[in-house]
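Novice: Chain A is fixed; fit chain B onto it per the hints.
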Amino acid sequence: MALRELKVCLLGDTGVGKSSIVWRFVEDSFDPNINPTIGASFMTKTVQYQNELHKFLIWDTAGQERFRALAPMYYRGSAAAIIVYDITKEESFQTLKNWVKELRQHGPPNIVVAIAGNKCDLLDAREVPEKDAKDYADSIHAIFVETSAKNAININEVFIEISRRIPVVDAAGGISGRGFKLGRQASESRRMCC
Amino acid sequence: MERDSHQEGEAQVVKNCDPPSDCVPTAETLATSLSLLGNHMFPDPVEKNDSTSVDKEEHATLHQSKVTQKEQHLDAESHSNQVNKLEAEETENSEYQNNESTKSVDRDAEDAGTDNDQSESGEFVVAMLAKAKLEEQGIGVKGRSSLLLEAGTQEPAAFMSHRDEDVTADSWRQHRKHVFVLSEAGKPIYSRYGSEEALSSTMGVMMALVSFVQSGDNIIRSVYSEGHTVVFLQKGPLVLVCVSSSRQSEQQLREELLYVYYQIISMLTQASISRIFEHKKNYDLRRLLAGSEKILDGLLNLVDSDPSFLLAAVHCLPLASSLRDSISQILQKAITPNLVFSILIAKNQLLTIVQEKTVIEDTRLEPTDIHLLLNLIGASSAFQAGEIWTPICLPLFNPDCYFYAYISYLDPPECTVCLLLLSTDKEAFYAVAECKRKIEEAMVAQNSLSLIAKAQSYSVSQVGVSDLRHFMYKPFDVPDNYRQLTQFTSPEMEAPYSSEEEKMRLLDLYRYMHSRIHSTSRPLKLIYQVAERETLLAWVTSKFELYTCFSPLVTKACAITAITKLLRWIKKEEDRLFIRYPPKYSTTTNPSKSSRGGKSDQQDSTDNGFLSLL
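Quick note, the sequences are listed as chains A and B, same order. Be aware that the first sequence starts at 1, since it is given in the UniProt record's numbering, and climbs by one per residue. Be aware that the second sequence starts at 1, since it is given in the UniProt record's numbering, and climbs by one per residue.
Looking at chain A on its own, in the form it has when it is part of the complex:
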């Protein structure tokens, strides 16, 4: 079976649940007292998609402002970006729009963007209407889901949807970073074997 490596980065305001989403996806666990990420955390998970194996190289970035300047390092060469906001915090949705702008300007041209409205289990405290977010996502042709890392809602779905949207022929990483090349070479050579 062919193995494809897909670099995915998570972006978004601090405390919206980026690490919790990754944690749920990779380890299928949830820690309500998770510590803020420092710098960025790198994790991988391989899942089967149709007749391919997709190895997600996940860069879970810190949402704190002091790490903001490092973001290009992580989204450069990414096949997809999951931008997360907290449905109970209007401000985090505004931050999301800034991330979309930044990706449009400086990100890889064909990057798949997914918008995840996290903490959808906290309906009572909702500040961002689902429709507004959906409309916005549609306007930028992004994947949109509301997720709950706590209750494991729509977490795997985001990644499946990303797998679906990634072009069949590897055209994702046009401007892949130096480090990424290593990974891609490996995957290319594997593909040749098959």
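Among these hints, one or two may not hold up.
Below 30 angstroms or equal to it, Euclidean Cα-Cα: the simulated DSSO-like pairs (lysine-lysine) are [what the hints assert, rightly or not]:
(1) B:Lys347 x A:Lys45
(2) B:Lys187 x A:Lys89
(3) B:Lys294 x A:Lys89
(4) A:Lys150 x B:Lys294
(5) B:Lys525 x B:Lys572
(6) A:Lys97 x B:Lys426
(7) A:Lys45 x B:Lys426
(8) A:Lys97 x B:Lys281
(9) A:Lys55 x B:Lys438
(10) B:Lys294 x A:Lys97
(11) B:Lys438 x B:Lys454
(12) B:Lys333 x B:Lys357
Far from chain A by the CB rule (all over 12 angstroms, computed), these chain B residues [said to hold, decoys possible]:
(13) Arg364
(14) Ala455
(15) Ala495
(16) Ser519
(17) Tyr581
Just some of the chain B residues that point at chain A, by a computed CB distance under 10 angstroms [claimed, not checked]:
(18) Ser272
(19) Arg287
(20) Leu289
(21) Gly291
(22) Ser292
(23) Leu376
(24) Ser380
(25) Ala385
(26) Ile388
(27) Trp389
(28) Thr390
(29) Ile392
(30) Phe429
Read the hints as simulated data drawn from the structure, not as lab findings. Here the structure is a predicted model, which means the values were calculated and not measured. A virtual CB, placed ideally from N, CA and C, is assigned to each residue, including glycine.
Specialist: Same frame as chain A, but now just chain B:
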């Protein structure tokens, strides 16, 4: 005026010198009996602290007038007594030179004199701070309720306690040590307990004190009251304040504030902090420190409970030197360009550190930088997930530049062995991650992890001296080992020091001994103190600094014999207790050269001077 205060203080000497007032003669007798006194005279306090008590009338009145403008409700009587211990750079130097001969005689009196004044001035400031707190009540409650609301929507997490503490409550005031960080504009940046918003007017008062004294070309250093010591430290655009009831010396508290400052620098760099505040004086630095409060909280808890900070030395995990060497060699082999430090940490203690050769020839890695790294890793469980890549500044190595740190645990899910690789290249993640894989493979092949798991701190009983309960031993660098990291060794704290309170009590005793040894006005070399529940002996020579704790009934002769035995034991075990020859590698030239360099270093090494005194 100054003389007056000395004379006045004279009468107070006995009263104020509460803990063992006879420690000096006792110590001297002991030293003589060891016939060591002449051999390593402690140098005269050349760098006498720049501070002096400025208790001139005009100062007091000046303060009075200015402060009353701000705080009109406080009655004037409390002001007249207000005397801050100030740094009066212009005047004091000449005075001290003139008084050189009488200085030593005066010292005691001077100390007592300042103590005397300090208590009253302290009351005033504490009253002021308390006043600010009352005014805050409105804000405090508001700040708190909003936090509660927020907490209601999220998980009511247990660890949030310190942040939403009620700053108007008595329990808040009773904390042993408060630490505040604010900007020069008086904006709150950090508070150890309670939310910064709720404390903004308290911090405003602190800033008012700082800038008022500053306007007279002075620097406020500390304020004493009966139960509290308030210490101020100004570093660039940041002001750090400690309010402590721990009875530590001002100098020790200032050192601790410095650690807090360095931890902030390690996250933001000094250059960027100055740049930010040059640009915008009233910038809210909490924006950049958001999410990092835990690191500062963790640091302050460590400072209170770990003597490494007091001794400014690193405690490494005791390990058979052959095992440590083989692990070091594994790190030495897994290199990539721009890698500068490879550090292995086990059970929150340093296991080994391998350094880039050329870098370390220029600069020496300071214990403080290691402490900050250890705290960063210990304070956040975030590192336990995946591989971390983060910028980090080592403030004493270079306060203005970032390293890029690769952090990964080698033994998930236990997470006790942590690998830290520091590179100067921010794009080097994948190359550095590859080094980790090599290290991991080699360690699996040599079964290193299970051997590390068996390593543990040692018991004082291994020394074989019956009355010895605990000790801390810090050898000084001798010229041959100049580039070596300053370390110390210490056994586990065992009964009767197993409870948290007792541990803290012993540490407090050590801190007191340390403050006497390192007193700026009258340093001591040897202290023999019979305390209520134990007997302590502290001894500093040109080769080492030693603090020992004995059972209370030990005799002086016994203690001396015990120390002789202890020093012999340490000498015998030093290969296991210390990282003796930090290995090096070279990522710039061919690697063979580096390994040769490492070997020749080892051959060059000479006796550490452990026992040459005995």
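Novice: Are the hints correct? Go through all of them and say.
Specialist: Consistency of the hints with the structure:
| no. | hint | in the structure |
| --- | --- | --- |
| 1 | B:Lys347 x A:Lys45 | holds (28 angstroms) |
| 2 | B:Lys187 x A:Lys89 | holds (25 angstroms) |
| 3 | B:Lys294 x A:Lys89 | holds (23 angstroms) |
| 4 | A:Lys150 x B:Lys294 | holds (23 angstroms) |
| 5 | B:Lys525 x B:Lys572 | holds (25 angstroms) |
| 6 | A:Lys97 x B:Lys426 | holds (27 angstroms) |
| 7 | A:Lys45 x B:Lys426 | holds (24 angstroms) |
| 8 | A:Lys97 x B:Lys281 | holds (29 angstroms) |
| 9 | A:Lys55 x B:Lys438 | holds (21 angstroms) |
| 10 | B:Lys294 x A:Lys97 | holds (29 angstroms) |
| 11 | B:Lys438 x B:Lys454 | holds (23 angstroms) |
| 12 | B:Lys333 x B:Lys357 | holds (13 angstroms) |
| 13 | Arg364 | holds (26 angstroms) |
| 14 | Ala455 | holds (27 angstroms) |
| 15 | Ala495 | holds (33 angstroms) |
| 16 | Ser519 | holds (39 angstroms) |
| 17 | Tyr581 | holds (32 angstroms) |
| 18 | Ser272 | holds (9 angstroms) |
| 19 | Arg287 | holds (5 angstroms) |
| 20 | Leu289 | holds (7 angstroms) |
| 21 | Gly291 | holds (3 angstroms) |
| 22 | Ser292 | holds (7 angstroms) |
| 23 | Leu376 | holds (8 angstroms) |
| 24 | Ser380 | holds (5 angstroms) |
| 25 | Ala385 | holds (6 angstroms) |
| 26 | Ile388 | holds (5 angstroms) |
| 27 | Trp389 | holds (5 angstroms) |
| 28 | Thr390 | holds (2 angstroms) |
| 29 | Ile392 | holds (8 angstroms) |
| 30 | Phe429 | holds (6 angstroms) |
Going down the numbered hints, you'll see the structure goes against none, and every one checks out.
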